[in-house]
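A.B. asks: Listed below, chain by chain, are the residues.
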Amino acid sequence: MISERELIDAIERLEADALRRWIDLGWVLPEQDSDSLCFDPSDVARVRLICELHYELRIEEDSMSVVLSLMDQLYAARRSLRELVSAVETQPEKVRAHIAALVKAKQ
Amino acid sequence: MADPYQLLGVSREATQDDIRKAYRRLAKNNHPDLHPGDKGAEARFKEIASAYDIVGDEKKRVRFDSGEIDASGTERSQPPEREFYRQHAEAPQGFKYERRSNGTGHDDSDLFAELFGARSQRAKARGPDVSYTFAVEFTEAINGAKKRVVMADGKTLDVTIPAGLKDGQTLRLRGQGHPGFGGAEPGDTLVEIHVKPHPIFRREGNNIRSMLPVTIGEAMAGAKVQVETVTGPVQLVVPNGSNTGTVLRLRGKGVLSKGVTGDHLIELQVFLPDQPDNVLVQSITEWEAKHAYDPRKKQGAQT
Numbered sequence: 000m001i002s003e004r005e006l007i008d009a010i011e012r013l014e015a016d017a018l019r020r021w022i023d024l025g026w027v028l029p030e031q032d033s034d035s036l037c038f039d040p041s042d043v044a045r046v047r048l049i050c051e052l053h054y055e056l057r058i059e060e061d062s063m064s065v066v067l068s069l070m071d072q073l074y075a076a077r078r079s080l081r082e083l084v085s086a087v088e089t090q091p092e093k094v095r096a097h098i099a100a101l102v103k104a105k106q
Numbered sequence: 000m001a002d003p004y005q006l007l008g009v010s011r012e013a014t015q016d017d018i019r020k021a022y023r024r025l026a027k028n029n030h031p032d033l034h035p036g037d038k039g040a041e042a043r044f045k046e047i048a049s050a051y052d053i054v055g056d057e058k059k060r061v062r063f064d065s066g067e068i069d070a071s072g073t074e075r076s077q078p079p080e081r082e083f084y085r086q087h088a089e090a091p092q093g094f095k096y097e098r099r100s101n102g103t104g105h106d107d108s109d110l111f112a113e114l115f116g117a118r119s120q121r122a123k124a125r126g127p128d129v130s131y132t133f134a135v136e137f138t139e140a141i142n143g144a145k146k147r148v149v150m151a152d153g154k155t156l157d158v159t160i161p162a163g164l165k166d167g168q169t170l171r172l173r174g175q176g177h178p179g180f181g182g183a184e185p186g187d188t189l190v191e192i193h194v195k196p197h198p199i200f201r202r203e204g205n206n207i208r209s210m211l212p213v214t215i216g217e218a219m220a221g222a223k224v225q226v227e228t229v230t231g232p233v234q235l236v237v238p239n240g241s242n243t244g245t246v247l248r249l250r251g252k253g254v255l256s257k258g259v260t261g262d263h264l265i266e267l268q269v270f271l272p273d274q275p276d277n278v279l280v281q282s283i284t285e286w287e288a289k290h291a292y293d294p295r296k297k298q299g300a301q302t
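Protein chains in written order, with numbering that gives the first Met the number 0: chain A, 0 to 106; chain B, 0 to 302.
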C-alpha cells in the first residue's frame, strides 16, 4: 500500500489533478484511510495503465470510460469462466469428457 | 533485437508523427492488459515499446541512425521489467474492479444465474437424450422382465421390459438422460431393444407359431403330447387323422398385448422313423397297392 504522494512520484507523467479526476470517475478505487488515500498494487498497476492509455495511446476521457468498462467486464467474465472451469475439473472424468464434447460441438 | 523501424512497420524516412501513429496503432492492438487471453501479447508489446523508445525520441533516433546506440537500446530509460495490470486483474484480488464493471452492482454474469437455476426463463434447455441398444431373450420380450444391464459406456440401467415387446422397439426412460441447462428438465435415455430369435418359437403378430414333430401313429390314431409354450409346457391333444401341415390352436397361449392375448399355433410335421424296418416298409407298400393316393394332386389343386 502506498500513499497518493508516493504514487504520483512513482509514475512519470502522473499529476495530482488527473489522479483526483480518475478517482472521482470511479476509474481507480483507492482505500480511504482517515483523511488520506491508500493504493494497493492493483491500483498502482491500473493507474499506470490509464496513464499509458491516455498519454501514449491518446484515449480521451469519454472513450476511456468505455475502454475501462469493457476491460473490467472482460476480466469479470474471465474470472467467472475460470471458476466454472475449476468447478468442471472437480467432476468425474465422464462428465468432463461429456461437457468438453458439448462445448466442442458448439464451436 | 529486430530493427525498430521494421518492428513499427515504418520506413527509415518516416516522420516522428508517422512513427507515433504506427506505435499507437500497434500498442492498442497488442497491449497485454487489453488482450488478457493472448499469451504472446506481452512479448510483442515490449518489443514495440522498446522500438518506440528508440525511434520515437528524436534525439535517440539520430544516435541510433548514426550507429551510436544499437537496437537493444543500450541507454534505455524504461525499466526492463514492468508489471501489467492484467497480472492483478487475473489474480484473486482482481475482483475489486469487476464490481464496477456494469454500474448496476455487478453480481455474477447473467450466464451463471441461468446455469444455477435462477428464475430466468432464458437459455433453459432440456438435457440431451442418450441412446443405447441391447438384446433380450425371446421369452423375456413375450412375458416381460426386469433387467439390470451394463451398457457399452459402463452405465448400468434398470430396464423394465413390458410384456409383448416387439423387436426393434424403443423404450424411453424419462429423465435418465443428460442433465438440463438453466434448471430445465433432464433428457431421456432411449433404449432400442432387439429380440433374439428362438429355436422353436416364431412370433406372428400376437400369435406364436411353432412346429411339432409327431410319429405316423400319433398322427393317424391321435395322441396326447406335451408341448412347450412361452408360458411353460402344456398337454396337447393331437386328433386322429392329423397330418403334416395340420395346425392346432392353443387359445390364449400367445402374446399378451394391450389386454388381448394371442394364440399359440402348432403346425404338425409327421416324421418317419429314422430307419424304417422291413416290416413297416412291406406293410405300407402292400397297403398303398390297394389304396393308391396322390398327395401331389392335392398340392396342385391348392395352387
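Keep in mind the hints are simulated off the structure, nothing from the lab. If you're wondering where the values come from, they're calculated on a predicted model, not measured in any experiment. Each hint should be verified, as a subset may be incorrect.
[As the list claims (entries may be wrong)] Simulated crosslink set (DSS-like; lysine-lysine; CA at most 25 Å straight-line):
| # | chain 1 | residue 1 | chain 2 | residue 2 |
| --- | --- | --- | --- | --- |
| 1 | A | Lys103 | B | Lys154 |
| 2 | B | Lys165 | A | Lys103 |
| 3 | B | Lys154 | A | Lys93 |
| 4 | B | Lys146 | B | Lys165 |
| 5 | A | Lys93 | B | Lys38 |
A.B. asks: If a hint holds in the structure, say so; if it does not, say that too.
C.D. replies: Evaluation of the provided hints:
Taking the CA atoms of A/Lys103 and B/Lys154, the gap is about 23 Å. The hint holds against a cut of 25 Å. Note on B/Lys165 and A/Lys103: the hinted pairing is violated, with a Cα-Cα distance of about 37 Å set against a maximum of 25 Å. For a cut-off of 25 Å, the pair hint linking B/Lys154 to A/Lys93 stands: about 11 Å separates their Cα positions. For a cut-off of 25 Å, the pair hint linking B/Lys146 to B/Lys165 stands: about 16 Å separates their Cα positions.
The straight-line distance between the Cα atoms of A/Lys93 and B/Lys38 is roughly 30 Å, outside the 25 Å bound, and the hint therefore fails.
The structure fails hints 2 and 5 (numbered hints given earlier, in ascending order).
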